[in-house]
Amino acid sequence: MVQYERARLDASFAALSDNTRRGVLEQLGRADASITDLAQKFAMTLTGMKKHVGVLEQAGLVTTQKVGRVRTCKLGPRRLDEETAWIERYRQLWASRFDELDDVVQELKQELKQKEIVDGRKKSQ
Amino acid sequence: MDARNHSEPARAKNPTKAERKSDRELVVTRTFNAPARIVFAAWTKPELFQRWWVPKSCGISLLSCELDARTGGKYRLVFGTGASKQMEFFGRYIEVTPHARLVWTNDEGDEDGAVTTVTFEEKGDQTLLVMHDLYPSKEALEAAIASGSTDHTPETLDQLDEVLVTLLASDRPS
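So the protein lines, in turn, are chains X and S.
For the first sequence, the numbering used here begins at 7 and goes up steadily by one.
For the second sequence, the numbering used here begins at 3 and goes up steadily by one.
Pulled out of the complex, with its shape left as it was, chain S reads as follows (with noise of 0.2 Å):
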């Protein structure tokens, strides 16, 4: 059945670029070898977002996913993080225009969460999509970095020592 699997040879991947644009952002930007409309539904499907979303090699899962991808709909993602640790991840979406832009609140840490714009545009074949993190403030942005934060978690750095003893306590041996 999956013979194109076998038949085709091994892709080479689009490079992924990050960088800090300014004090406040952060942006991601990634090729993809598909028309938008495809992309944006792996993001906002659940079915497919949760194919991708947590790497494999990141020793996390995705326990659930729920994304309600319309102007003013929720979203809330629940990680398991080990045998009874559980994040959760939410906010809402401020837009959602359908295979174009996606923009997104970043709740879970009160008011210092960034603000997640993902824009995909189609250039011939292909995708370009660039994701934009924008913090509130740059201590903010800065607090979501010093706190080793790579998925929009703004942790201040004042809840910081209460996240590493909680993450000191969950990385012991179950």
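Chain X on its own, in the form it takes in the complex (with noise of 0.2 Å):
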């Protein structure tokens, strides 16, 4: 659930809370582009390119190089490790669920025998 992540409130949030941008991100997966092309591709202005760009960069899912006048665009490092410690954390919230339902079970376990006990005994007088 959301909330228990709270902590998680950083700038990769806003960044792909918007449509273009996550669009950009898959273009960039597939291969590397320039401002130019995106902006082509997507059918908006430079500038409104350039903003969106800016703003994956500054959350790091982007970096950007600019050789001569184009500047080209790349997935940044952080997408694959905010994967990677999502999982973490969500193998961490069932790890601990399933701790405690480990718990529930054993409980559940040692229940069953005693009555298994107390029903061979009845049958076995």
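Simulated from the structure, these hints should not be mistaken for laboratory data.
It cannot be assumed that every hint is accurate.
Claimed, not checked - When the alpha-carbon atoms are kept at most 30 Å apart in a straight line, the in silico DSSO-like pairs for lysine-lysine are as follows:
#1 K119(X) to K129(X)
#2 K47(X) to K140(S)
#3 K119(X) to K80(X)
#4 K15(S) to K115(X)
#5 K129(X) to K115(X)
#6 K87(S) to K76(S)
#7 K80(X) to K47(S)
#8 K23(S) to K87(S)
#9 K47(S) to K119(X)
#10 K125(S) to K121(X)
#11 K57(X) to K47(X)
#12 K56(X) to K140(S)
#13 K57(X) to K72(X)
#14 K140(S) to K80(X)
#15 K47(S) to K129(X)
#16 K115(X) to K125(S)
#17 K76(S) to K19(S)
#18 K121(X) to K15(S)
#19 K115(X) to K128(X)
#20 K15(S) to K119(X)
#21 K76(S) to K47(S)
#22 K128(X) to K23(S)
#23 K121(X) to K47(S)
#24 K140(S) to K57(X)
#25 K115(X) to K87(S)
#26 K119(X) to K125(S)
#27 K115(X) to K140(S)
#28 K76(S) to K23(S)
#29 K19(S) to K140(S)
#30 K23(S) to K140(S)
#31 K80(X) to K56(X)
#32 K87(S) to K47(S)
#33 K115(X) to K19(S)
Values in this document were obtained by computation on a predicted structure and should not be read as measured data.
If you follow the hints, you should be able to join the two separate chains into one complex; please do so.
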């Protein structure tokens, strides 16, 4: 649940909350692209695309490099790390749940054993 | 009465594994040292379920828990996360095969919810539990990841800003 993760209120959320920016990430996942390419693909102005890329860059999701007059964008180092970290937190949540489930299960098992002993006694009597 | 708690040495817990199996799937596995029917009961009887579903460490309480664990039956969980804030999780059991398999929908987030399948496979004295979440699309799973959702909360990224605002608001000391 979201509330387990209050600490994660950081720039990557805002960066990912926009449809175009998600599209840009997906696009860059396939191939690096210049701001001009991206602006064309998403049918927007260069200025508009620069803003989006700026947000992604601040969040560490994209890195850019200017060579001559062309600014090339590629996926930043953050994306995979974020996912790995998330999976680990997800695992930890389930591990703590399952540890408690384990206690419940062991208790039930004990109760069942007791019951079987009692039933067994009754039968043999 | 409860002498076994003192005489039994502390058991090492079995490990929990979690991985992303594909663009749309998350899988969590864990082995329990008990027969499948016992583990299954803990997933389907509300009075047992509510004892473990919310880990004590997370500061949330399960206010109500209705599980009609029959094929076609519904479930609804209500959590309290502070003085006034409540969250509901609900859906429907698509399949309930006693001691073997549970499949349910996660409907609280409209159409982007995952379908959860839990299988209970008895192996000797143990039960291998596999929990499998299948999201309707890669985007839906990624949205769940990006929103920090760890409990089938299919918050789409478009809803995220709203959620964050609510969270920030509810995070004020009460």
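Each hint, compared with the structure:
1. K119(X) to K129(X): 15 Å, holds
2. K47(X) to K140(S): The hint holds at about 21 Å.
3. K119(X) to K80(X): 61 Å, violated
4. K15(S) to K115(X): 16 Å, holds
5. K129(X) to K115(X): It holds: about 21 Å lies between the C-alpha atoms, which stays within 30 Å.
6. K87(S) to K76(S): Judged against 30 Å, a Cα distance of about 23 Å means the pair holds.
7. K80(X) to K47(S): Violated, because 50 Å separates the two Cα atoms, which is more than 30 Å.
8. K23(S) to K87(S): This hinted pair is violated, its Cα atoms lying about 34 Å apart.
9. K47(S) to K119(X): Measuring from Cα to Cα gives roughly 20 Å; hence the hint holds.
10. K125(S) to K121(X): 23 Å, holds
11. K57(X) to K47(X): Holds, because 15 Å separates the two Cα atoms, which is no more than 30 Å.
12. K56(X) to K140(S): Holds: K56(X) and K140(S) sit about 26 Å apart, inside 30 Å.
13. K57(X) to K72(X): 16 Å, holds
14. K140(S) to K80(X): 20 Å, holds
15. K47(S) to K129(X): 29 Å, holds
16. K115(X) to K125(S): 16 Å, holds
17. K76(S) to K19(S): Distance ~28 Å between K76(S) and K19(S) Cα, so the pair holds.
18. K121(X) to K15(S): 25 Å, holds
19. K115(X) to K128(X): At roughly 20 Å apart (the allowed maximum being 30 Å), K128(X) and K115(X) satisfy the hint.
20. K15(S) to K119(X): 21 Å, holds
21. K76(S) to K47(S): With Cα atoms ~13 Å apart, K76(S) and K47(S) stay inside 30 Å; holds.
22. K128(X) to K23(S): Status violated; Cα separation ~50 Å.
23. K121(X) to K47(S): 19 Å, holds
24. K140(S) to K57(X): 26 Å, holds
25. K115(X) to K87(S): 37 Å, violated
26. K119(X) to K125(S): 19 Å, holds
27. K115(X) to K140(S): Cα-Cα ~40 Å, so violated.
28. K76(S) to K23(S): Judged against 30 Å, a Cα distance of about 28 Å means the pair holds.
29. K19(S) to K140(S): Distance of about 21 Å is within 30 Å: holds.
30. K23(S) to K140(S): 12 Å, holds
31. K80(X) to K56(X): 14 Å, holds
32. K87(S) to K47(S): 26 Å, holds
33. K115(X) to K19(S): This hinted pair holds, its Cα atoms lying about 24 Å apart.
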